[in-house]
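K.L.:
Just need the whole structure built from these sequences, with the hints factored in.
Quick note, the sequence shown lines up with residues -16 to 260 if you use my numbering.
For the record, the hints were derived by calculation from the structure and aren't laboratory data. Since this is a predicted model, take the numbers as computed values, not measurements. The beta-carbon is built from N, C-alpha and C at its ideal position, and this holds for glycine as well. Incorrect hints may appear among the rest.
Listed next, with one range per pair, are the computed distances between beta-carbon atoms [stated by the list, open to error]:
no., residue 1, residue 2, range
1, Lys4, Ser244, 30 to 36 angstroms
2, Ala21, Ile89, 27 to 33 angstroms
3, Asn68, Thr257, 25 to 31 angstroms
Pairs of lysine-lysine residues, derived as DSSO-like cross-links and limited to a Cα-Cα distance of at most 27 angstroms, are as follows [unchecked claim]:
no., residue 1, residue 2
4, Lys35, Lys65
5, Lys(-10), Lys65
6, Lys248, Lys65
7, Lys142, Lys205
8, Lys36, Lys25
9, Lys146, Lys3
10, Lys248, Lys94
11, Lys(-15), Lys3
12, Lys(-10), Lys94
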Amino acid sequence: MKELIRKTCMLASTDRKIQKKAEENALKILYEKFNSEAVPAKISSIFHKEIKKITSNDDPYEEYKREEIKNARMLFEIVKEKFPNNFYGAVAISVLGNSIDYFRDIEDVRKDIDEGFSFAIDDTIEVEILLKKKVLNSKEILFLADNSGEYFFDIPLIKSIEKMNLKVFYSIKSEAVQNDLCFVDYQNFIKGNESISILPSGNGTVGISLEESSDEFLNVFKRAGLIISKGMGNYETLTEIKYERPVFYLLKAKCIPVADSLGVKKGDYVAKLTYCR
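P.N.:
Quick look at the structure:
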């Protein structure tokens, strides 16, 4: 997280004095908040707000995200040819999109995509049965988006679910945070002919924060028969919330703590279904 802070401050301002002040304040937050029980995504949300305030930059990642979206659009055209046109293929494409992340070289992501793909945890069949048998308590699905470039990789899964006569709400951030997809990114760099239902979260936090979410988001969150959760930030925060429906976690385990919590190795791909708790 120290490296994330340093690089975010460098993106947020070209003034070395401002960079230093932002980095010092963010590190202070990290040292105060971090402990064995802390949720990293929640700490990230706090120090990102501090960096934005000090640098007067509401979106330090804007230029990076623009490039990420351009590269992801290109990579998706390659990936979509590698998987079957069915529910499993759509899930696999979506999870592969989670390889895209901040500060990763595009060639490293391409290597991930070119390597043989397999799930360490694969509950795809069970989820497909749930959807097809209409055993959910609602026909609405909440899809929690992650990084900006993953949008293209998520579309096939959304379309696959919609073919089952289910409604999918694709939730993106209302405000910028890290390289997560936010509403301005969608409007400026992505919005086209795709007829999907975009649901702004009402906040700019890493992962999910019900306390800071909009009423519109909360209503869908409460109604949804299934939640699809992309990425580690959503996983880290959603597992802290008491929910009463199945959740389908789709992610690449990019750090050891998350990998350990899932019982997989760092770098493994996961499609895990969990039930109410």
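K.L.:
May I ask which of the numbered hints given earlier this structure violates, with the numbers listed in increasing order?
P.N.:
The structure breaks hints 4, 5, 9; every other hint is satisfied.
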